[in-house]
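Colleague: One line per chain: the protein sequences are A and B, in this order. Last residue of the first sequence: number 210 in the UniProt record's numbering, and the count goes up by one each step with no gaps. Last residue of the second sequence: number 210 in the UniProt record's numbering, and the count goes up by one each step with no gaps.
Certain hints may be false.
Repeated chains share a single entry, so a pair holds when one copy, or any two copies, can fit it.
Using 20 Å as the maximum straight-line C-alpha spacing, the simulated SDA-like pairs for lysine to any residue come out as follows [stated by the list, open to error]:
#  : residue 1 : residue 2
1  : K88       : A181
2  : K24       : L40
3  : K124      : N103
4  : K169      : D104
5  : K88       : D135
6  : K203      : L166
7  : K203      : Y165
8  : K88       : A111
9  : K124      : T191
10 : K169      : A200
11 : K124      : Q94
12 : K124      : D104
13 : K180      : T155
14 : K52       : T146
15 : K169      : N199
16 : K203      : T71
17 : K169      : D205
18 : K124      : F101
19 : K52       : K124
20 : K124      : Q171
21 : K88       : S99
22 : K24       : K133
23 : K133      : T92
24 : K30       : I11
25 : K192      : I144
In case anyone wonders, no lab produced these hints; they're calculated from the structure.
Protein chains: 2
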Amino acid sequence: MELTQRQREIITIVKAEQPISGDKIAQHLKLTRPTLRNDLSILTMTGILDAKPKVGYFYSGQHLNPLTFETIYEVPVETLMLTPILIKPTTTVQDAITSLFMNDVGSLYVADDDQHLVGVISRKDLLRASLIKQDLTTIVAAVIMTRMPNIVTITATTRLLDAGYLLLKHQVDTLPVLDKAGVVVGKVTKTKLLDYFINAGAKVDQEKYH
Amino acid sequence: MELTQRQREIITIVKAEQPISGDKIAQHLKLTRPTLRNDLSILTMTGILDAKPKVGYFYSGQHLNPLTFETIYEVPVETLMLTPILIKPTTTVQDAITSLFMNDVGSLYVADDDQHLVGVISRKDLLRASLIKQDLTTIVAAVIMTRMPNIVTITATTRLLDAGYLLLKHQVDTLPVLDKAGVVVGKVTKTKLLDYFINAGAKVDQEKYH
Numbered sequence: 001m002e003l004t005q006r007q008r009e010i011i012t013i014v015k016a017e018q019p020i021s022g023d024k025i026a027q028h029l030k031l032t033r034p035t036l037r038n039d040l041s042i043l044t045m046t047g048i049l050d051a052k053p054k055v056g057y058f059y060s061g062q063h064l065n066p067l068t069f070e071t072i073y074e075v076p077v078e079t080l081m082l083t084p085i086l087i088k089p090t091t092t093v094q095d096a097i098t099s100l101f102m103n104d105v106g107s108l109y110v111a112d113d114d115q116h117l118v119g120v121i122s123r124k125d126l127l128r129a130s131l132i133k134q135d136l137t138t139i140v141a142a143v144i145m146t147r148m149p150n151i152v153t154i155t156a157t158t159r160l161l162d163a164g165y166l167l168l169k170h171q172v173d174t175l176p177v178l179d180k181a182g183v184v185v186g187k188v189t190k191t192k193l194l195d196y197f198i199n200a201g202a203k204v205d206q207e208k209y210h
Numbered sequence: 001m002e003l004t005q006r007q008r009e010i011i012t013i014v015k016a017e018q019p020i021s022g023d024k025i026a027q028h029l030k031l032t033r034p035t036l037r038n039d040l041s042i043l044t045m046t047g048i049l050d051a052k053p054k055v056g057y058f059y060s061g062q063h064l065n066p067l068t069f070e071t072i073y074e075v076p077v078e079t080l081m082l083t084p085i086l087i088k089p090t091t092t093v094q095d096a097i098t099s100l101f102m103n104d105v106g107s108l109y110v111a112d113d114d115q116h117l118v119g120v121i122s123r124k125d126l127l128r129a130s131l132i133k134q135d136l137t138t139i140v141a142a143v144i145m146t147r148m149p150n151i152v153t154i155t156a157t158t159r160l161l162d163a164g165y166l167l168l169k170h171q172v173d174t175l176p177v178l179d180k181a182g183v184v185v186g187k188v189t190k191t192k193l194l195d196y197f198i199n200a201g202a203k204v205d206q207e208k209y210h
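Same shape as in the complex, but just chain A:
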């Protein structure tokens, strides 16, 4: 649901002067009370405003509507991207596995000395490599990594919805966030996106039941 300009103005007025009567809100807006009736009724029915008889309107303290498409799905990934663990192309697979466990992550990014992304190594890649009957201290990251340009990457302005869609479509657990020069600036993971959706729901859950 999209709020109108006037509905947004009403919310601003109520936030500033609560509790406030419908007549006072109308005065602020230089409108008549009946003109506002529909807007006030929508704002209270959606739970954005609370109305107490003989007291007036309150701002409910809820987000304007925490579950609108715009606030949930159109957010740029910049707001939630994480810092990836970077390794070098010459890091051994043995050290890469250690790094994965030490940092408790699901993937490692392989970057050159200027932090340009050159590859990605997932837990699955490492498991596959570990099946090879060869000493893991003698194989380097560059040999087993998925390499550019075969990596799906995004930018800081990619919408959260599109990032999620790419993760699922390409069946990967992580998406490197690159700047225009190809330098790694962050990562978006399945876990982080799920965390985001669950937190958005948990807020409403709290408001609703607690």
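Once you've looked at the hints, dock chain B against the given chain A.
Modeller: Here is chain B on its own, set in the frame of chain A:
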């Protein structure tokens, strides 16, 4: 936003008889047109109904409100759980890894002959096991699995929000869904939950931009 009983009735009527005038809707409900004005205005402003001048009301084809807390987060996991890959406690780690790759899954459930859950093996468990300098054909699943009662499980009626919360809190990729007897009836994974949230958003995205 929660729809009232009357608003839900209006939607049912419009779905069945669209296009339909406000007067006709009022007749159905044995109410006067002015009584319905507020409800109709809320239903059109929220985009649930479309109103065309001189034609009447249409059902917009959108879900009642695809992004309400109730329709997104309070759904029981039953509606989206997947069928897990089951192995036996005596399956070798080598065969478990093969099964993981063959079925393209992130975890395997270890069950007894009556399908009671006895353990879970993740990609991470297998990677850890593969680091041991020992022949993987000689180690069995029971040795490396996380075992009951140290496994977080849910039931078919667990809310999606709670399943997501448990996945994140316990840092696992999968939650076995068990019946009262401890028999495996399904699984919920991070990937499946993310898929669910992204699909819910993608529907709105389609309606909005296409």
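Colleague: To test your reading of the hints: which numbers does this structure violate?
Modeller: As far as the earlier hints go, 14, 19, 22 and 25 are violated by this structure, in ascending order.
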